[in-house]
Structure formats: C-alpha cells, structure tokens
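Here our numbering is used: the first residue of the sequence shown is 532, the next is one more, and so on.
Calculated from the structure, these hints are not laboratory results. Ideal Cβ positions, reconstructed from N, Cα and C, are used throughout, including at glycine. It is possible that some hints are incorrect.
When the alpha-carbon atoms are kept at most 25 Å apart in a straight line, the in silico BS3-like pairs for lysine-lysine are as follows [to be verified]: (1) Lys614 x Lys546; (2) Lys546 x Lys603; (3) Lys618 x Lys578.
Label pairs and their in silico Cβ distance ranges [stated by the list, open to error]: (4) Met564 x Ile685: 48 to 56 Å; (5) Phe625 x Gln587: 16 to 24 Å; (6) Ser571 x His627: 45 to 53 Å; (7) His627 x Lys578: 27 to 35 Å; (8) Lys598 x Val683: 57 to 65 Å; (9) Glu681 x Glu576: 55 to 63 Å; (10) Lys614 x Asn586: 15 to 23 Å; (11) Pro567 x Ala606: 18 to 26 Å; (12) Pro567 x Arg593: 45 to 53 Å; (13) Lys618 x Glu681: 21 to 29 Å; (14) Val683 x Leu539: 28 to 36 Å; (15) Met532 x Pro626: 47 to 55 Å; (16) Gln562 x Thr617: 35 to 43 Å; (17) Ser636 x Met564: 24 to 32 Å.
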Amino acid sequence: MLDLTISLVAIVKSKNPTLAAFRYFNSNQRQTMRSPFFTSRLKREIKELIRNQINQLPMQDRKEAKKILQEKDRAYWFWEEWKSPTKVLEEFAFPHVLEEYQTLSSASHGGFYGLKIFRDKYDEYGITPRLPIGKQAVLVSVFSSQKLIELVSIRSGQNQLLFAV
C-alpha cells in the first residue's frame, strides 16, 4: 500500500506528471514485451495497447513516451527523478512515514535476499511451514537450533530459571 502511495506522489510531484503516469503504467508491460516467457500474441496486444495510450498523450509528450519504451529496465520506474522510494519519502513525507517505510522495506528486502541466499523457489510458496529447499537448508536448521539454545541459556541465566547452562 505504501509503495502505491509512493508511486502516486512520484507521479503528482514529477516534472512532467503525464509522462510519469505513462512510465508507471507501462513499466510492467515493457518487461513483459521483453520477456521470452510470454507469447508473441500477448506481446502484440500489449504493443497495440501502448500505441493507443501514446496517441492519447499530448502531442509534445509522444516522442518522449516512445523513448521511454526503449529505456533499460531499472529498479524503480521513477529512477530518473528519484533514485529510490526512500528519496521520494525524504522529500515529501512526514518523518514517521519514512521511518515506517524503512522498517517495512528492510523486512521485505531481507526476505528477498534470504530467498536468494538459500536458493529458495520463491514461486512455490505455500502456507505449510517448511525448510528452505537450497543447499544451505540444513545449516538453517543447525544455526537456528544453536541460536535458540543460546537465547534460552541467556534468558535462563538472567531470570535464574532452571534451564541455565
């Protein structure tokens, strides 16, 4: 939800809101048209849709819109004006919103990197708990158990419980 709000702010506060909206709404379509995983029929339909959108833009923005379609894909569609969502928030949001975003963003990026580190198959999500599939799955189990024992030991010693080692 916050990412959508950031995109909305980036569009409204852009130097050219019309082109910013075009860039936002077509960033995924550009990736689809370049992907080898989609049919040529779908790609043609997307190309036609984008052509119709360009024809609806003000005349002075059409040439730039065509250039946008040729751009290299970036991490964020608004990269030309702001390098990251954090930069958008730093410029336009209240400090507590920026703080919340950084907290939530850290968790989501951490989860993404975790998937990469453990070579997890991220498109095979389910609600059933399981170990990561990759080579390091056993290490997760051993490391987690070791950390659990250390934490219980520290807490037990601190609270003078029976479990102190």
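Checking each numbered hint in turn, tell me which of them this model violates, lowest number first. 3, 5, 7, 10, 12, 13, 14, 15, 16
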